[in-house]
Amino acid sequence: MTAPLALPRTRPMDWARDERVRRALLEAVTVGLVSALAIYIAARAQAAGGVDLGFMQDRAGFGVGDQFLTQASGRDSRWMAYLAGLVNTLRVSVFGIALSLGIGLVVGIARLSSNWLAAKLAFGYVEFVRNMPLPVFVVFCYTAVVLRLPRIEDSAGFFGLAYFSNRSVAFPWLEFGDGAALWGAILGVGILAAWVTHRILRTREETTGRPSYPVRTALGIVAVAGVGGFLLAGSPAALDTPEVGRFQYQGGVQLSPEFFGLLLALALFNAAFVAEIVRGAIASVPRGEREAAAALGLSGWQQLRLVVLPQALRVMLPPLATQAQNLAKMSSIAIVVAFPDLMNVGGTIINNSGEAIPVFILMTVTYFVLNLAIALLFIGPQWRFSWTRGRRA
Amino acid sequence: MTALGLPVGSSDRPRAAAVEEARRWLRTRLFNSPGNSVLTVVLLTGLGWITWTFASWLALEANFDVIRANRRLLLVGRFPLGEEWRIWPVFYGLAIAVMWTWGAFGRVTLAALVAFAVFGILVLPVLAGASGTLETVPAFVLAAGAYFAARRWAHGRGRIEGRDRARLIAGAMWAVLLPGSIVLLLIDGGVDPALWGGLYLNLIVASAALIGALPFGILLALGRTSSFRALRVGSTVYIELMRGLPLPVMLTLAWLALRHFLPSWGGLADVDLVYRVTIAFGLFTAAFIAEALRGGLSAVPRGQREAASALGLNGLQSLALVVLPQAVRNSLPALAGEFIGLFMMSTMVAVVGLTDILQAARATTEQPEYFGRQKEVLLFVGLIFWMTAFGLSRLSSRLERALAGTGSRRA
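If you read the protein sequences in the order shown, they are chains A and B. Numbering (the numbering used here) for the first sequence: 1487 to 1879. Numbering (the numbering used here) for the second sequence: 102 to 512.
If you are wondering where the hints come from, they were derived from the structure by calculation, not from laboratory data. Be aware that a few hints might be false.
[Said to hold, decoys possible] Computed footprint of chain B on chain A; a stretch qualifies when at least three of its residues, placed anywhere within it, have a C-beta under 8 Å from a C-beta of chain B:
hint: 1; region: 1800-1806
hint: 2; region: 1846-1860
[As the list claims (entries may be wrong)] DEER-style ranges, computed between Cβ atoms:
hint: 3; chain 1: A; residue 1: Thr1703; chain 2: B; residue 2: Ser157; range: 24 to 32 Å
hint: 4; chain 1: B; residue 1: Leu369; chain 2: A; residue 2: Gly1866; range: 45 to 53 Å
hint: 5; chain 1: B; residue 1: Pro190; chain 2: A; residue 2: Gly1766; range: 36 to 44 Å
hint: 6; chain 1: A; residue 1: Gly1786; chain 2: B; residue 2: Gly416; range: 54 to 62 Å
hint: 7; chain 1: B; residue 1: Arg125; chain 2: A; residue 2: Gly1774; range: 40 to 48 Å
hint: 8; chain 1: B; residue 1: Gly291; chain 2: A; residue 2: Phe1581; range: 42 to 50 Å
hint: 9; chain 1: A; residue 1: Ala1584; chain 2: B; residue 2: Leu484; range: 49 to 57 Å
By construction, the Cβ of each residue, glycine as well, lies at the ideal position given by its N, Cα and C atoms.
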């Protein structure tokens, strides 16, 4: 107390007691350990093949059974086979995400319905699916549903439009003729015009307060462009409906049982999770919002569309993006029904080239890019409905 | 109401009231608007059609002989005959531990009881055959006994210590049972891992992976929230890598390429596929456990740590004694969810060709006499997973509620 400012003399080992020195030492040790681990893994990977992808240019030596847009044969390079697998993964993911979002939205809203039966059925569906492993679900949809469909000769028809059999499932498809490009161009211009008109009318509606019907006008313009262009180009497209042949369907678009079974399982499975996200998001909108909307005289549907859903969307978009990424990742379970997706083709390439590590690095990167692409797809709407940017908030 | 002295002679009054009540319920819950009325009719038709289809299939077409004949394959795969003593204790232990835990943490609701009774009635006759029936009966008796004992102990009047002890015993049961089941497979010469199969393989893979993943996941969660940059970056990269990778890719990696990364001493690089797959599950699950724990860690108030350091605990002590116990408790429901997910995802071992219950089920329908019986077998497999997952998720929500009240005493 008598000499509070007299600092003790530094002694030789005092630096070892300094908190900063200790931290720096520990920091150095952790950096060393973590980089040693990273270097070890990288060295092992390098020793086992590294990132040399030269073998991917060699002949694949195997055909991909189920292809869409691609035509990879055994004589093409492994890259072509890999691409065919990637397209298959994209195909099942895109349709799976779209279907599961649609079904999930309906089921999620039904969970909160005032209709007791609808709410209970939706609840039962969600509980049924969520406590079931996905592989069991996929195998069930494939072996017990799709493969148990009737034989192709006695296909189950759907008003002569679609056919279901255990060899393939056929849907109608558009067949384009000569003037298709012209029709497409007119339709494109129409959509552009509709978008511009929509913006102008919406701004006018907001500034003047007079109803200007931006959505209806825009839809009208698109409809006129579509129908007018179709007639102007001389009916360039016809509906190509499938017909039952002896061994396969003629015309239309045909889906393999593997693809159909997998898609069915993925869509129905993920729809349950989407439904829970939707329900949670809608429930998170305060009751008062809806009551206020009702007090303003909005109808039930208007309350949902204009007040509740825009706010719920803000809450549900991030988890929906995660769920969509999950679906894309889960689609790699395709191998249990022998659908040649990215993972399945990658496995075949590993088996016939013996190059495990490079293919794994390639697959990892591909799935990461796919995840990133899905995240980006959801960022647009997220930005649109965020608190700060949203006009509708 | 009637017992409280309603005048005799108006016995149709309550019935009329009940009818009126039912009518009002129908009017408000099913037919409150034209749209809803249409919806109700449509849904009723659909529900009726599904029920009819299912019931007529069950009554006329379904034949569950395939399960009875293959119950051994489904439950334990190609496990050698005469080695069942390694499995029965686990079966008994599991029955006791589940019901004891339930008794210690909550009450079996009527709905759950009915569900399990239906399950038992449906499954037991199917599984019952020449052998195996008698051995399962004591398990049910023991399970019921454990439930009532734990319940009596935990909910006796004013016995908080009893409750705590019952819960502690529940934890100890699981801590012994999970590693014990694996030890039993390895002692006394052991059973070739290639012969592990069926539902037992799913259980073993899931619990072994969980045991391995828990400490690793804790380390990763601490690493990710650490103030040391290298640890933070390393853990984050690892967690995000695992979360971005599909599980089947990870399993194939374990199958075909894990040996390149394992050190070669002690034959570690050439361990059996089952071990490698379990390692892959563990590595994968650790990332998700870390994320679940990170939430629990961030929910521990800063003051706890400051108080610990004010008491003179050093960093490691405050972590192990103060922060981690609370973080684990906070994230227990999420961890239970991870285990349920892990158990269900263990059916993905099909990807690398192991014969778990799903693959066994698919194999049964390749026997000529059971060709085309996929629906029956897969329904059975689905039901097993469904009951387990449903039961575990209910149990974990009970656990969550039970633990929510003990925060102030345990911290």
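Each hint tested on the structure:
Coverage of the region 1800-1806 of chain A by chain B is violated. Counting CB-CB distances below 8 Å, 0 residues qualify, and the rule asks for three or more. Counting residues of the region 1846-1860 of chain A whose CB lies closer than 8 Å to any CB of chain B gives 6, which reaches the minimum of 3, so the coverage claim holds. Here the CB-CB span from A/Thr1703 to B/Ser157 is close to 53 Å, at odds with the stated 24 to 32 Å. The hint said 45 to 53 Å for the Cβ distance between B/Leu369 and A/Gly1866, and at roughly 48 Å that hint holds.
Between B/Pro190 and A/Gly1766 the C-beta distance comes to about 42 Å, which sits within the given range of 36 to 44 Å. Take A/Gly1786 and B/Gly416: their Cβ atoms lie about 58 Å apart, and the range 54 to 62 Å holds. At about 27 Å, the CB distance of B/Arg125 to A/Gly1774 disagrees with the hint of 40 to 48 Å. Remark: the range hint 42 to 50 Å for B/Gly291 to A/Phe1581 is upheld by a beta-carbon distance near 47 Å.
Evaluation of the 49 to 57 Å hint for A/Ala1584 and B/Leu484 yields a failure: the beta carbon distance comes to about 31 Å.
Checked against the numbered hints above, the structure violates hints 1, 3, 7 and 9; every other hint is satisfied.
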